[in-house]
Amino acid sequence: MNAHPDLSRRAFLGRLPVVTAGLAVPVAAVAETKGPHWAMLVDTRRCIACQACTIGCAVENALPEGDFRTVVATYAVRTPEGRTGLSVLPRLCNHCEEPPCIPVCPVGATFKRADGVVLVDGERCVGCAYCVQACPYDARFINHKTGKADKCTFCSHRIEAGLLPACVETCVGGARVFGDLNDPESEIGKRLKAAEGRTRVLKPEAGTQPRVFYIGLDDQLAGRVAGASATEMMWRPTHAGA
Amino acid sequence: MNTTVEVLGFAREPGWLPWAVQYFFLIGISTMAFFLSLPGLLWRRAGWEGLSRRALLAALVCGLAAPLALLADLHQPGRFLNFYLHTNFGSWMGWGAYFIPLYVGGLLAYAWSALRANRAGLTPAALVAGSGAVLVLLYTGMETMIVAARPLWHSFLIPVFFAVTAFAGAFGMTALFEALAGRREAPALNRGLRLGQWAVLLLVAAWLLLALSGAAPYREALATIQGGWTAAWIWFIASTALTLWLARGSSLLLPALFALHGAWLARWLVFMGGQSVPKLGATHAAQTLSLTPDSLLGIAGTAGLCLFIYIVLTSLVRWDEPAKV
Ligand code: SF4
Ligand code: SF4
Numbered sequence: 001m002n003a004h005p006d007l008s009r010r011a012f013l014g015r016l017p018v019v020t021a022g023l024a025v026p027v028a029a030v031a032e033t034k035g036p037h038w039a040m041l042v043d044t045r046r047c048i049a050c051q052a053c054t055i056g057c058a059v060e061n062a063l064p065e066g067d068f069r070t071v072v073a074t075y076a077v078r079t080p081e082g083r084t085g086l087s088v089l090p091r092l093c094n095h096c097e098e099p100p101c102i103p104v105c106p107v108g109a110t111f112k113r114a115d116g117v118v119l120v121d122g123e124r125c126v127g128c129a130y131c132v133q134a135c136p137y138d139a140r141f142i143n144h145k146t147g148k149a150d151k152c153t154f155c156s157h158r159i160e161a162g163l164l165p166a167c168v169e170t171c172v173g174g175a176r177v178f179g180d181l182n183d184p185e186s187e188i189g190k191r192l193k194a195a196e197g198r199t200r201v202l203k204p205e206a207g208t209q210p211r212v213f214y215i216g217l218d219d220q221l222a223g224r225v226a227g228a229s230a231t232e233m234m235w236r237p238t239h240a241g242a
Numbered sequence: 001m002n003t004t005v006e007v008l009g010f011a012r013e014p015g016w017l018p019w020a021v022q023y024f025f026l027i028g029i030s031t032m033a034f035f036l037s038l039p040g041l042l043w044r045r046a047g048w049e050g051l052s053r054r055a056l057l058a059a060l061v062c063g064l065a066a067p068l069a070l071l072a073d074l075h076q077p078g079r080f081l082n083f084y085l086h087t088n089f090g091s092w093m094g095w096g097a098y099f100i101p102l103y104v105g106g107l108l109a110y111a112w113s114a115l116r117a118n119r120a121g122l123t124p125a126a127l128v129a130g131s132g133a134v135l136v137l138l139y140t141g142m143e144t145m146i147v148a149a150r151p152l153w154h155s156f157l158i159p160v161f162f163a164v165t166a167f168a169g170a171f172g173m174t175a176l177f178e179a180l181a182g183r184r185e186a187p188a189l190n191r192g193l194r195l196g197q198w199a200v201l202l203l204v205a206a207w208l209l210l211a212l213s214g215a216a217p218y219r220e221a222l223a224t225i226q227g228g229w230t231a232a233w234i235w236f237i238a239s240t241a242l243t244l245w246l247a248r249g250s251s252l253l254l255p256a257l258f259a260l261h262g263a264w265l266a267r268w269l270v271f272m273g274g275q276s277v278p279k280l281g282a283t284h285a286a287q288t289l290s291l292t293p294d295s296l297l298g299i300a301g302t303a304g305l306c307l308f309i310y311i312v313l314t315s316l317v318r319w320d321e322p323a324k325v
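Protein chains in written order, with the working numbering: chain A, 1 to 242; chain B, 1 to 325.
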């Protein structure tokens with residue numbers, strides 16, 4: 001296990017010259033080279049549920065109040081023996097390999113890039129919310145300000161500039177590791193290999209092949225949770241609609 | 001077994017607003033009312049003339065109001081042209097963008113031919129409207145059914161449920177127009193109403209049997225119906241039985257109103273109830289009706305639009321051939 005909570009960040013930054021050099025090579029060479037396939041590994045054991053990522057993402061992506069692309073769901077779990085502990089589930093778009101949100105879009109506004117990132121073409125989206133229905137993870141929503149489908153983009157604008165996604169950058173516990181699945185030497189590649197057999201994805205039965213992996217994920221939290229919700233007992237922001 | 005409390009969670013708001021309920025309600029009733037208009041207007045079955053004229057009126061009122069409700073459900077209504085500029089034919093909704101104008105266009109041509117007694121144009125127009133109606137019923141059911149992420153929707157019974165409740169609703173709307181025109185009784189309409197309610201009850205029973213037998217995704221869907229939604233489903237079943245009982249006599253208005261209430265509630269339960277269930281975590285979407293355009297005002301607005309179209313159509317055309325069957 002890595003002793004430095006921010007190594008994922010440093011490792012990525014260390015690779016930047018390689019990324020930028022890669023961008024500079026001639027087109028033919030790029031076509032021959034297998035490009036990156038971005039993914040995330042969330043080590044829930046390192047997450048302290050501080051929501052720095054939630055806020056970092058909201059600020060980076062200028063989300064309207066009450067809309068979130070990522071959030072850390074937090075649970076109080078009590079065992080039959082009477083022990084109570086905290087469990088967390090950092091949630092975001094899984095950038096699925098088989099994303100059910102794409103085929104349903106009536107205007108082809110949602111698509112998956114060659115580098116694995118699932119995006120919405122904001123110019124084309126009609127805000128029909130069909131993709132919102134089809135996503136098995138509640139990862140999508142209609143942005144209250146734009147009236148278009150919205151979701152985590154892995155901060156594509158940042159990765160194109162050689163930066164890490166905002167949530168990874170702000171993660172206090174170093175729980176989020178972002179990188180290239182195609183590169184076995186990348187931090188995520190090494191971590192996934194080290195944790196082989198112990199990583200999980202959300203709702204594997206949905207057949208979506210998520211590209212967000214979890215270590216230390218509580219079985220009970222991998223889908224709909226049969227339990228009480230404190231949020232339902234509290235005040236919640238309401239929107240007048242887009 | 002651990003006990004879990006979601007201390008900090010969040011729920012997505014419904015992406016499909018009450019406008020969607022209005023759309024599915026109106027377009028379903030319109031297509032079924034169109035079929036109800038065929039015996040008297042196309043096939044000239046003796047005694048069906050009056051009833052079929054009122055059914056056509058119901059098809060027109062609902063069919064003209066429905067696309068506006070659908071447009072209002074888009075969060076970017078001004079971009080509806082993208083449905084045609086960038087159609088994804090792999091999506092049922094993409095196809096729907098073509099089926100709706102096919103149906104509404106066919107319906108208008110059919111109504112024009114029927115009311116102008118243009119026999120030559122009637123059959124082709126009925127064929128276009130009929131295929132449009134079947135395709136609309138098909139796509140509205142399928143676009144809901146294929147959503148595997150929502151257990152309540154992901155069932156082959158959903159398109160049938162929509163069709164059957166629309167069938168009952170079409171009889172209800174036609175009976176309402178009969179009653180508004182001052183008619184006291186129309187036994188054929190009450191027979192249809194009863195048939196519709198039986199079919200709805202049978203379908204719900206089949207669904208419950210599947211759920212109780214543990215079949216996926218029915219079992220999961222049943223488990224997600226909680227709190228106020230359970231009460232609403234019980235009321236739906238009870239009011240369907242009540243409609244059945246009310247329609248046993250000759251009275252028109254009350255069973256008609258109950259049948260319409262049932263057809264609308266069926267869609268509210270499926271769409272708003274289905275969307276309240278979290279796909280991850282434990283927090284349900286808050287379901288509050290408010291005085292906003294996307295909520296109560298929208299529902300009232302659609303009803304107002306139907307009334308407006310009804311007034312215009314009844315002012316321009318005579319629909320009052322007496323019901324005979
Ligand atoms: S998590 Fe949802 S929105 Fe993201 S790619 Fe998968 S299906 Fe699409
Ligand atoms: S909301 Fe936008 S991206 Fe989603 S299905 Fe509709 S048009 Fe496509």
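What the hints contain is simulated information worked out from the structure, not anything from laboratory work.
Keep in mind that the hints are not guaranteed to be accurate.
[Stated by the list, open to error] Here are the simulated BS3-like pairs of lysine-lysine, each with C-alpha atoms no more than 27 Å apart in a straight line:
#1 B:K279 <-> A:K190
#2 A:K203 <-> B:K279
#3 A:K203 <-> A:K193
#4 A:K34 <-> A:K193
#5 A:K145 <-> A:K193
#6 A:K34 <-> A:K112
#7 A:K112 <-> A:K190
#8 A:K112 <-> A:K203
#9 B:K279 <-> A:K34
The model shown is predicted, which means the values in this text are computed figures rather than measured ones.
Hints, one by one, checked against the model:
Annotation: proposed proximity of K279 of chain B to K190 of chain A is violated, straight-line Cα distance about 31 Å (limit 27 Å). Between K203 of chain A and K279 of chain B, the direct Cα distance comes to roughly 10 Å. Compliance with the 27 Å bound is thereby established for this hinted pair. Between K203 of chain A and K193 of chain A the CA atoms are separated by roughly 21 Å; this keeps the pair inside 27 Å, and the hint holds. With a CA separation close to 20 Å, the supplied pair K34 of chain A and K193 of chain A stays within the 27 Å bound.
Taking the CA atoms of K145 of chain A and K193 of chain A, the gap is near 41 Å; set against the 27 Å cutoff, the hint is violated. Between the alpha carbons of K34 of chain A and K112 of chain A the distance comes to roughly 16 Å, so the proposed pair stays at or under 27 Å and holds. With a C-alpha separation of about 25 Å, the suggested pairing of K112 of chain A with K190 of chain A holds against the 27 Å cut-off. For the hint pairing K112 of chain A with K203 of chain A, the CA-to-CA distance comes to about 20 Å; that is within 27 Å, so the pair holds.
The straight-line distance between the Cα atoms of K279 of chain B and K34 of chain A is roughly 35 Å, outside the 27 Å bound, and the hint therefore fails.
The structure does not agree with the numbered hints 1, 5 and 9 stated previously, though it agrees with the rest.
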